[in-house]
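Just so you know, the sequences run in chain order A, B and C. Heads up, our numbering is the position in the first sequence plus 137, with the first residue counted as 1. Heads up, our numbering is the position in the second sequence plus 710, with the first residue counted as 1. FYI, our numbering numbers position 117 of the third sequence as 114, with every residue one higher than the one before it.
If you're looking for bench data, these hints aren't it; they were derived computationally from the structure. Since this is a predicted model, take the numbers as computed values, not measurements. Treat the hints with care, since some could be wrong.
[Said to hold, decoys possible] These stretches of chain B come out as covered by chain C in the derived footprint (C-beta under 8 Å, 3 or more residues):
hint, segment
1, 813 to 819
2, 824 to 838
3, 849 to 858
[What the hints assert, rightly or not] Below, computed lysine-lysine pairings styled on DSS-like, alpha-carbon distance capped at 30 Å:
hint, chain 1, residue 1, chain 2, residue 2
4, A, 696, A, 724
5, B, 1079, C, 99
6, A, 1079, C, 102
Ideal Cβ placement from N, Cα and C applies to all residues, glycine included.
The residues making up each chain are set out below.
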Amino acid sequence: MMDVGRHPNIKLLTYSEVISVKGKPGKFKVKVLRKARFVDESECTACGECAKVCPILEPNEFDEGLALRRAIFSPFAQAVPSAYVRYADDCLGTNPIACGKCMDACLKNCIDLDMLDEIVELEVGAVICATGIDYYDPREASEYGYTRFQNVVNSIELERVLSPGGPSAGKLLRFTDQKEPQRISFIQCVGSRCIHRDIPYCSRICCMNAMKSALLIREINPTAQIDIFYIDVRAFGKGFEQFYHRAMHEAKVNFVKGKPSRIEEDPESGDLIILTENVETGKSDRIRTEMVILSEALVPAAGSHDLAKVLGIETDNRGFFSPSDPCGEPLSSTREGIFLCGCSTGPKDITDSITEASGTAIRAAQYLTPYKLPELKEEIPYYDYSGPLRIGVFVCHCGSNIAGVVDVQELKEYATELGDVVYSDDLLFACSESTQRNIQEKVLENKLNRVIIAACTPRTHEPIFRESLRKIGLNPYLFEMANIRDHCSWVHQNDPTAATHKAKDLIRMAVARARQLEPLEPKEMEIGHNVLVIGGGISGLETAIQLARRDYGVFIVEKEEHLGGVTKQLHSLYPSAKPGESLIQEKLKEVYERDIKIFTQTDIADISGYVGNFKVTLKPGDGQIAPPPLEVGAIVLATGFQLYQPEEGEYGFLKFPNVITNMEMEKWFPAKEKPLFEGKPVKHVAYMQCVGSRGEGGLPECSRYCCQAAIKQAIDLRKMGVRVTIFNRDIRVYHHEAETMYREARERGVTFIRFTPENEPKLIGDERLKAIQFNDPTLKTDIEIPVDLLVLSLGMRPAAKSVEGIQKFIKVPLGMDGFLLEKHPKFGSVETNIQGVFICGCVQGPKDIADSIAQSNAVAAKVDALLSRSTIWMEPITSFVQEELCRGCGTCVDICEYGAIRLKDSNGVQVAEVNEALCEGCGTCSTYCPTGAIDIHHFRDKQIESMLEAFLLTERSA
Amino acid sequence: MQYDVKLIQETNAYSCIECGKCTGACPVARYSSTFSPRQILTGSIHNSHPEAFRKADLWSCLTCKRCDEVCPSDIKYIDFIHLIRQFQGIENREGTCSHGGILESISKIMMAPNLKQQRLDGLNGNLQISQNSEYMYFMGCLPYFEVLFEDINVEAMKIARNTIKILNYFDIKPQVLSDEKCCGHDSYWNGDIQTFHKLGLANIDQIKKAKVKKIITSCPECYRTLKVDYPKNFGRQEFEVFHISEFLSEIIADKKPVLKSESQKVTFQDPCRLGRHMNIYEQPRETLRSISGVDLVEMGHHHKRSICCGVSGWMNCSQVSKQIQANRLGEAKATGADILVTACVKCQIHFNCALNDQNLGKEMPFQVKDLTEVVGESLT
Amino acid sequence: MEKKVKETTKQKTKSKPQFEPRIVVFACNWCSYPAADAAGINRLQYPANVRIIRVMCMGRVDPGFVLKALVMGADGVLVSGCHFEDCHYSFGARKAAEQYKKLEKIVHMLGLEKERIRQEFISAAEFPKFAKVVREMVEQIKKLGPSPLERGALYKDQKLESEIIEEVAPVTP
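Please put together the full structure from these sequences, using the hints given.
The structure is reproduced here in structure tokens:
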């Protein structure tokens, strides 16, 4: 939010609604209704004085009504914009009862009770809908007694309750008696997967969310029993299966298959009785529990229908916006130039939402300017920061966030006593715009050459302060923060004396470090504007197209003879039933039109260089001439996956001729009108799910695609009149259309039989597979069904060979599952830890086609963001070698996994040399250097040691 | 500390005739264009401005005593360096501690009076030590080196085990202090006289309590410090100090034990502290010669002209150190020896570090071993 | 004279209300520092005995820093970074663990209590763990009492040292 709030190219219009969109893609005219917030956004410092005097108390929407707010308020501490807002309906106003207390309280006079709604007209190239979701109201599922029984809460309420900053400060207490519950039961699919509640789809996030909450509860209460009642556990994302295992085995969460039919309350104790059938044992139970959490469904955001009308786009019958093609174009709406992401098209978790959001960014960008942005020229005045130390210390009140606990006046005075400190001041809000100007003036006035701001965390605010110092010509690396809020006033609220003492230490340490700081200059580097995509499957093609549309030169390298990868072999794609071949043909057509250079039957011989300037040598197949090395600014790895290769005999694989894989089945389809296998009619087909997926301890993980793929085939088989049985461990159809498909399969008579790894179905037959025997837990007997053909649904595994091939040149780390590791599971799922190297599609983890396409768009957006300038600035926090101390032992060379250090010859001796473009600045090399020759800019030995000294030894006088 | 002219005078520093012979002999100056013992000296005494000797070079001097040997004015240069560093004080030093200052911190932590070290874990069961012998084995910092230099293939505790094995062979079950402190050698030479004093007094106290008459060291630095610097700073001591090579040459001459090894060519590195500082050149050589099968050959520079291993006091290890080492290892290679024998663990560490360099390591066909290891292996 | 000094120092320690340990925390920029921030955002309370020093990666924390902190009289040192698999630099945390093993051996050998140093892997999301670890560590160190190297006494104790030097008359060999 902070990033959005302060980005120069983003204008935030909050508390606003779109009322009309006219015009054509590239030139839309949008009318926006800006509701009056009655507070001047640019002036408000969020000091909170107005809320203090407001006499009105209303339930706080952010805390789900579990806490109160005023009529003029900020919904939560980190709200962006931070400016307060006044709800006119709640406010007493000035008429007929004269209140207006807030106006008197506001020292900056930024409250204007006469502010009117206004209509803003915007001209935009494209529109992105990221309107999110709402929660299903569990009162409709009246059998669970939500609001009738106080101890039944919904998941979002639980979220607030468990938040240590929430209404109960992180304590989980029952609402009836304020006692800590000793048994907590989650009920899944409240509303979801239920036709008569008009929510036929899976809400996708609730399984993992319930597990996460269960783990949090386990942390605060090690003994409570925690149950999760579920229909299927849908842990289908990267890392989810392992998380599921943690919940089961570490947190001892009791998973019960079965959706309760009813909850009753014991009025005396407030306990709740859950009536349910345990589907695994077949017993019906009355379970007494102390608290119930309802995992309520996600439903389209209120007003989606109206918005769809305004935008002129279609929705599905539930109110989610419809993509133009759910498989091939998941991010485009039915109107050109309007794009969809996140939960606006159906429930999604954060990772998938962020991926889609990035993806829409590249689509929108295609309607704006070509990629080259105009170079901004700015005039930075000269400021002389050399000379003897002149340190300035600014202490921030952060409203009462700091000043309410720590004695800011005392800190300010204390700072002046420290050596080299020539100026100190206290500020109400150091980050507010007017204060920033004030700081700039004070720096110039007092000729400060080191600046310390004692306020909040440098993680969010360092860039802001650095920027304002840079603007007046002070080197931004001569700035230091003391975190006296997040690490002090907030965490020692009950001990103001100790907090003040600690804050003094922190300031003293910051001053000591500031004395040792050195000015650093970011380096500007020219970058190339070509992109190499490795892998010509659906992900690679989509990425290439999106980038080519932005005028980048794109190369695709594919080791096979043809482009199209696995998708090309698919007989049909769900949910559109379009053949895979035709999707690939569509994409290929554009690939050829856009003059994307393709190298098939080609491998990578070498990759050298660094972000913006990679040099790639290709190794063509036999008989081809090697092309000249490619010079590219970025590399996208889209080398896909390989299917699990079952061992001989595993589920009869290679032992029985009538046991085949799901890919073989896919190829079997197109030619056959009648179900024949080896010339004989097939009457009964069985599917074995999770072959090579969902292993012990959660590794390998769920392969995500196989349930939907098996169901798709099963429906086709049923259409031919074949009996189909799907042996499964959970049906994990998570896409909101896929649930409909699952329902259709059931309606068409596909049999689903669930098993556990302890109780696997047995194969019967000598030469050929004849039947499958399984144990029915409810009937408690073994049942045998005749089978003509068994299809193994194979899991997705990392393509070990191509991954190895790439790792020879680029050290992208592997995750525990063997897939390439992304930079961050949520916020950086297409980036790697090497700048300029990106990943998308199944090389990152199992995915279906729609997800791969969304990710390909996301990767294109990230590449675009990197390469849209002619140069990039390199962070100067890198390691450097003091050559005279270097003995050329090469320890650092071996340590650095970025390959940023090499040995060079210097006057006949070997010394280490750091390639600043490759160095990420972690500093591990410095730790390993025997002589102390390698050090890290901005985190130098002496800088760290000076802080230790300042803390532990008494302050040295100047 | 105050710059004390009287103390400086005692080192003869003022008699410098500015001939520059020291610089010519200095191993550091050979590879560093800026380093000159003479310039440091003249800069420090003529220019009382502190900046004159604040340069990092002051901390690059190895105090190897080569200059003392050649000086026509008989200047005690290393004592002079010790004094200047002391005046300069560790707080103002511009030198860089090698290994992140770990070794310096270790010796400082040892000053804490109420800490009981756990340093004897590396001594295995076959070795015999006692509580009442008149001999004491002063082990030095070997247990710490064992941990820190494992990855460059230095098994420092092997030296301790072999030393005790040798002593046991001659029916001596030495005392070993379970809370022995660092002797203070590095602190002393780096000018941290306060740490030296604390460590020294703590050791002397323990040694007195142990009632030993003879102390044997396997480390030339401990040897010099205990034998020379302790009496100089803390008054005459009741105990005698021997380096293991001294002890060996005497007892071998006396008891004539049978020492055998497979036939091998060895060459000997004179540690500065043993050779030039303490004038012990022949004892280790005699010891080596007494082992049948050992053929002792000399490197290009030996005895008084021997070359230092490149680093002293864990300060300012650098390119220059590496070049000194590479050169010295080259001399060893030229002898055709199978083993480069040293009598100092630090020489072993520094040479091994240089050999850890893949290129240099490949070129050098010999192993580096401590004298005690060679002797220990030859015991029958 | 000496006795008197001892007495006054004793009184001083007596009059101190309670021993408040001083603990240095090295936290990496990507996991543990943000975890500490999040502990703040969520108002998790922990004792005010720690001072956090930010480094880019746990791999930057030279064992030398930890020993220096101990020499300077820190009662405890916590080194905290990402879990191996989350490490922003992928290998830094692993390398830090390698270095830490050495450090542990040295600290043990020196006779310091092993509880005085601690290595933890705390992700940005695990802010309750951060608060918990700090609480535990403060409690543990309170039980152990002040560091034997209290208040950097060994680092700079000019007066004491000069007394010793005077005591010993130089001996001419």
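Evaluated hints:
1. 813 to 819: Coverage by chain C holds for the segment 813 to 819 of chain B (4 residues, Cβ < 8 Å).
2. 824 to 838: With 7 residues closer than 8 Å to chain C, the segment 824 to 838 of chain B meets the three-residue bar; holds.
3. 849 to 858: With 4 residues closer than 8 Å to chain C, the segment 849 to 858 of chain B meets the three-residue bar; holds.
4. A:696 x A:724: holds (19 Å)
5. B:1079 x C:99: holds (24 Å)
6. A:1079 x C:102: holds (25 Å)
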